[in-house]
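For reference, the chains in residue letters:
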Amino acid sequence: MPTTIPIGLNVNGIRHELNVEPRWLLVDVIREQIGLTGTHIGCEHGVCGTCTVLVNGETARSCLMLAATADGAEITTVEGLATGETLHPLQAAFREAQGLQCGFCTPGMLMVAHELLRENPSPSEQEIRESISANLCRCTGYQGIVDAVRLAASSQAGAPAAR
Amino acid sequence: MKPPRFDYLAPRTLDEALAHLHHHGDQAKILAGGQSLIPMLNFRLAHPGVVVDVNRLTDLAYVRQQDGGVAVGALTRQHAVERSDLVRARVPIVAEACRFIGHAPIRHRGTFGGNLAHADPASELPAVMVALEAEMAVASRAGNRAVPAGEFFIGPLTTALRPGEMLTEIRIPAAPPRTGGAFVEMARRAGDFALVGVAALVTLDEAGQCARARIALCGVGPTPVRARAAEDALVGQAPTTAVLDEAADRAAAATSPPSDVHGSAEFRRKLARHFARQALAAAIQRSGGR
Chain H
-1 MPTTIPIGLN VNGIRHELNV EPRWLLVDVI REQIGLTGTH IGCEHGVCGT CTVLVNGETA
59 RSCLMLAATA DGAEITTVEG LATGETLHPL QAAFREAQGL QCGFCTPGML MVAHELLREN
119 PSPSEQEIRE SISANLCRCT GYQGIVDAVR LAASSQAGAP AAR
Chain S
820 MKPPRFDYLA PRTLDEALAH LHHHGDQAKI LAGGQSLIPM LNFRLAHPGV VVDVNRLTDL
880 AYVRQQDGGV AVGALTRQHA VERSDLVRAR VPIVAEACRF IGHAPIRHRG TFGGNLAHAD
940 PASELPAVMV ALEAEMAVAS RAGNRAVPAG EFFIGPLTTA LRPGEMLTEI RIPAAPPRTG
1000 GAFVEMARRA GDFALVGVAA LVTLDEAGQC ARARIALCGV GPTPVRARAA EDALVGQAPT
1060 TAVLDEAADR AAAATSPPSD VHGSAEFRRK LARHFARQAL AAAIQRSGGR
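Protein sequences, first through last, are from chains H and S. Numbers -1 to 161, taken from our numbering, label the letters of the first sequence in order. Numbers 820 to 1109, taken from our numbering, label the letters of the second sequence in order.
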């Protein structure tokens, strides 16, 4: 049996005590040990961005981080965006503006866009494109995603209560 | 794929880290931000016996003034360097170059020292450190030493670091007054590996002539390329169009770019000339003179 080490992860506000092999990637632990399969695994080498989560509030590729390194971290996954059955405004905007087709890239796109709008509530189209350039989409041609982020930004501006 | 098995050590102090590195020698690989090492593990291109995870050495994450210049702790995240007021005020070329490293999610994790110790030939920061004549502070059980950036990068993914050693701090000296710097690069898409990048620093004298110039390029050779002949073309001259053209020609001539699917060597050399010219013009404009 390979050696495992104990770690603690706070995922979407819930504390998980886990035993992990040192070589396990954060994304695999999120999906396989914790059971949150909203975070997708694409390229496994930091190019596609679909595994993007927030680590201590900042976007990071969860395929480029050992779970062991993340010991003690606060993680937010795509499941952490919605409130119960109510979509996060950004998610609602992705639905409204057809910011997704097959949905594979969507969790990463949402996390990147979430951080962008937190740092910059009214980004220009260029800023949106630069931000999502971290992530690959093979369906939409990106236009729907850009539209969705703009829509979310404008609905955020109209409804300051939205989180 | 997934990483191969390795033994995992997560030291909490530098002494502990250095003891592990000393004990495991070339079997050990340092894990900092992981933005280069983890892909290499996932591809099984790297098979370290031992991974020494230095992420808990938070004492090594800082940006501070030192002898009029700036000292950056090796574990400082690239994003923090990019946002540092001190870096922006003292060595803005470093913040400018950081923006070209991957994407924000990469820079949140990737460390300043890790980028340099990885020594990717296409990477921005090695060229910028060579142009700035920064000093790499290296620690080991045997003692500390400082390696000039110009001697640190030996080949692709190869530095002067020996087994048991760890890069701990990067010391960037103060620039003379009336120095301007610029980093420009060309990549196929935002965040991709650079086809070519140019770091230029130019100091003008009171008469508006070039008193000092430093030019280094990335992506156009096995290591950062310092274009000394191009620097010589500038020193003692007024920065006229003809002088800048000559310097840019010489900078391009100093390169030995690879040919691949992203661009031929000839194309990259043309880019090197173009961006050297652009970097020099921007550096001069920012030197506080004209």
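Heads up, some of the hints might be wrong.
[Stated by the list, open to error] Derived coverage of chain S by chain H (criterion: at least 3 residues anywhere in the stretch with Cβ under 8 angstroms from a Cβ of chain H; other residues may be distant):
1) 825 to 839
2) 846 to 860
3) 864 to 877
4) 920 to 934
5) 999 to 1012
[Unchecked claim] A few chain H positions that, by computed beta-carbon distances, are all more than 12 angstroms from chain S:
6) Pro0
7) Asp26
8) Asn54
9) Arg59
10) Gly70
11) Gln99
12) Gly106
13) Arg127
[As the list claims (entries may be wrong)] One side only, chain H facing chain S, incomplete, derived with CB under 7 angstroms:
14) Gly40
15) Ala66
16) Ser152
It should be emphasised that the hints constitute simulated quantities derived from the structure, not laboratory data. For each residue, glycine too, the CB sits at the ideal point set by N, CA and C.
Practice item. Hint by hint, work out which the structure violates, then give me just those numbers in ascending order. Key: Per hint list: 6, 7, 8, 9, 10, 12, 13, 14, 16 violated.
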